[in-house]
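Colleague: The listed protein sequences correspond, in order, to chains U and Y. Residue numbers for the first sequence follow our numbering, beginning at 1 and rising by one. Residue numbers for the second sequence follow our numbering, beginning at 1001 and rising by one.
Think of the hints as simulated: they come from the structure by calculation, not from any bench. Here the structure is a predicted model, which means the values were calculated and not measured. Every residue gets a Cβ at the ideal spot worked out from N, C-alpha and C, and that includes glycine. Treat the hints loosely; a few may be bogus.
Quick partial rundown of chain Y residues pointing at chain U, CB under 8 Å, derived from the structure [said to hold, decoys possible]:
#, residue
1, TRP1058
2, ARG1064
3, TYR1068
4, GLN1071
5, ILE1077
6, VAL1130
7, ASP1133
8, LEU1322
Calculated cross-link-like contacts (lysine to any residue; reagent style SDA-like; alpha-carbon spacing at most 25 Å) [stated by the list, open to error]:
#, chain 1, residue 1, chain 2, residue 2
9, U, LYS54, Y, HIS1090
10, Y, LYS1233, U, ARG82
11, U, LYS54, Y, GLN1071
Residues per chain are reported as follows:
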Amino acid sequence: MTSEQKAWDEFRYGDERALKFIFDAYYELLFNYGHKFTPDDHLIEDIIQDLFVKLWIDREKINATNSVKNYIYKAFRRRLIRKLDYLPKIMAFPATEEKIAFNIELGHDHRMISAERTRKIQENLAIALDKMTPRQREVIHLRYFEEMDFNEIADVMQLSTKATYKLLYRAIDSLKQHLPRFDYLLILYLLNLSRK
Amino acid sequence: MNNLKATDYSSYSALDFFDDENFIQYVLHPDQASKMLWQKVLSAHPDREKEMAEAESWILMLHRQQIYTAQNSAESIWGQISERIARHDHLERSYVMPLKRAGKWMSAIAAGLAVYFTIAELMQQGKQVVRSDYGELRSATLPDSSDVMLNGNSRIHYVRNWRSDKPREIWLEGEAAFAVKHVALKNRFQQADSFKVHVNGLELTVLGTKFNIKDRRGRTEIALLTGGLRIEKKGPFAFSRIMKPGDVLVYDGKQILKETQKVAAASESWTKKELNVEGYTINDIAEILEDTYGYEVTIHADDLKGKRLSGAVPSGSAEDILFVIKKVFDVKVIINKNQLLITHE
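Just chain Y, with the same shape it has in the complex (with noise of 0.2 Å):
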């Protein structure tokens, strides 16, 4: 404490006091010595009085906080860890422990082969994959009972078991609806209970959401009817955006667009059995029969190129576009097999 003799304490205000670390101490823990010093501190300068005594109010009022208390008693926590240590010995001595014990018997190579092929066997048997044919509405229930509609000719698969504190992951090809349940709690938001989707190289994140995914000819549009999205690529070109309800966003590969023309609830549609086809051209048609319904489409009839579409068409079947396609655009259609031509009468 010799250096508080080289303090000039005759213009310190209550601030400096409040800093100062050995005021601090005093103010906490006061000793016989420490309480001597700042009596003499305090009669040489008799005008600090004031500033001292406000500084050790403050430091005293932060030290002196109501402690919070939970409501669960720290026994009852530490019944909850004592269990979970419980449960992770208890695995640990009858399997890991045996496992490890068990290597040192094998050779390297077969302890090599024996893992490989239980994680190969394990793979598989978590993959869980559902697909649906040209033409083919068919709908899933995830394991967090969200639920999926898929479109013609499209296909999602995921690992069957989700474990409560990963995020739930999903891939995609074709075209999807999902309504995705929210399982966050209420404040307590954490990255197991956010849903991921895999498409085209892109990351969708979600919270319960309700979206439409139509993942074709490597053009990927995404269409966010309510919640929130994030996409994001990952490695060489990344980028991340949040979506909005009524969003329909575009990445052809490369970039991201915004869709304007379309209307975010007319991309799901498709799974009422109709299709909303404001905006679309004779060649959207073609690309739907095509990559849905499963048709090789051909087109005699450049001059219908510009026409664009408004409404909607029955999509239950390709017979149902094709009548309208017929009466619409005043056209014929020949069907041989799976090819379709389009041709003026």
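Extracted from the complex, chain U is given alone in its bound form (with noise of 0.2 Å):
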């Protein structure tokens, strides 16, 4: 059993501080997936609020689970879901959840090449993830940045695991449509190379 597991049983026989662990070990984690779907700090800020709320006063309820971190993340998907669908429903827009954004802002890979081959790399990269469906730029976060397996992702964004593969399917299907061509790169590459 981990800590956090251990963290969650204690929580639930109604140990304060247990839930307060739990809360330091995601808070910021939550905070940076929450920010992926609206810049709205305090919606944000309110979720978690409420979230770790609702779950002490339902603690008796709540049963023990082996993924404290898929739990958190589902429940918590779900109320910021629910809270930024409510805008566009009350007008009766066919807006849903596929409409909700999602942003992801690419890190840096020092380790190789040229600074100025990892820029045009990332340059396509970001191009490419701005081609996708905000639901398809969120399963590629939750894989290489949270790194859950098909069976989590498919737990928090509510889907079925065929689903999820679909998904990510169509994710990377759209990377291969819209990442140049390497070949091409290279090929320019290396005349850049050649030019000085």
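Both chains are sitting in their own frames, so use the hints and assemble them into the complex.
Modeller: In structure tokens:
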């Protein structure tokens, strides 16, 4: 049993410090995840607060879990989507989860080759990501940033495993279509070198 | 990692590496074994080097996104959570638990009755009614400081305490003009910020808005002056419509139609003791005299029925309206208590 699962069980039996332990472990990450959906910090903060207060109130009804992270992410995402979904819904526009934004800001790879080349790769990847739908970007984020596996992603996004595979497949396919051909890039790169 | 041998890397593209679970693991958490493995793959397929390097870059760039940090520290947020938890626990200990314990002492019936009466009393207490007499204009300010003006013979009721986490709800019979306060913070719209009006089986959902509702004789006329408004009918024959400023819609209990004769702004002219009668017939006027001023009207002048009015009529009192009617239609009005007879000279 991980220390997190232990804290989870202690919290369920009424130990507030255990809940704080879980909060400390996830506050930053949840905030970061929430920020991908909306720039509204206050909203994210409110959702996190409500989530933990509700956890406490319902503690006796909550089950043991083998992934605290998944439980927290799933609950957080559900609340956030519900809030973000409300504005379009009240005016009965046919918008749904589909339309809610998801933004990825790439980090750096200092490890390799020339800075010029890194920049080019990053630029192309950013453009290709931009061409994806928000939910495709989210699946990419959960896989490569949060390092979740398919079952975990399916659980957090409340999709079937099959639908999750499909979503990821579509995301990769979108990359394939929107990333410039590697060979072409290479040629360009070599041309640049020869010019120098 | 036995399956590695089965995989043919000779034609692997950067995307294939990018999508390869083993490769991702190796990039993010390299260990001795995986380093050796991928070194082997590389030496077997040296032409894949660029592809591998590119996939590695992508994975790292996605993984090394800068973490967005909140302005408020985790500590201060936890402080607020902890306070809310303490408040909840206090309420639970001082009220809920004793109630539960007390419940054990009472018979089920006694407890049921107590709950029933408490709820009935609370509901009576909480319910606020505003009504206007025939011919009386009445304005009221709601708990959220939205304004309502009631035309004669109209009634609204609502629950007195509007909690900020519930939508504001109001029930209307008759005619009223609303100016609803917009309470939603920018970009933070939530259910609690909406304002709902229930009328004639419809549910109107409103965002800070001015509108007029006239519900007479089972016919509901809704005119939107500013803002946004959604009309929704639940249950059988459910529908929902979005109104734009300037729209006038009419619901006759079955369907909803757009009224093209009338202008939205004219619909609330009565709040200024004027009646915009653009497009009205003598029958429309008669209905207003009945609904808003409480007369029983009889018309003995069939030839006037097709005639339409234009312009505005003072509507401070029924006398004012009748004065204009007499002049415009050239008719005689005989008043006997609340009976009105409109006839030719």
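Colleague: Each hint needs a verdict: does it hold in this structure or not?
Modeller: Each hint, compared with the structure:
The interface hint given for TRP1058 of chain Y holds, since its Cβ lies 6 Å from the closest Cβ of chain U, which is under the 8 Å cut-off. At its closest, the beta carbon of ARG1064 of chain Y sits 3 Å from a beta carbon of chain U; the interface hint therefore holds under the 8 Å criterion. Contact between TYR1068 of chain Y and chain U, as hinted, is supported at the beta carbon level, the nearest pair being about 4 Å apart and thus within 8 Å. Hint status for GLN1071 of chain Y relative to chain U: holds, with the closest Cβ pair at about 6 Å, below 8 Å.
Because the smallest distance between the Cβ of ILE1077 of chain Y and any Cβ of chain U comes to about 6 Å, under 8 Å, the interface hint for this residue holds. With a least beta-carbon distance of about 26 Å to chain U, the hint placing VAL1130 of chain Y at the interface is violated under the 8 Å criterion. Taken as an interface hint, ASP1133 of chain Y does not check out: its beta carbon lies about 36 Å from the nearest beta carbon of chain U, beyond 8 Å. The beta carbon of LEU1322 of chain Y is not positioned within 8 Å of any beta carbon in chain U (closest approach about 43 Å), and the interface hint is therefore violated.
A hinted pair counts as satisfied when its Cα atoms are at most 25 Å apart, and LYS54 of chain U with HIS1090 of chain Y qualifies at roughly 15 Å. Of the pairs offered as hints, the one joining LYS1233 of chain Y and ARG82 of chain U holds, with about 23 Å between alpha carbons and a cut-off of 25 Å not exceeded. A C-alpha spacing of about 23 Å is found between LYS54 of chain U and GLN1071 of chain Y, which places the hinted pair at or below 25 Å, so the restraint holds.
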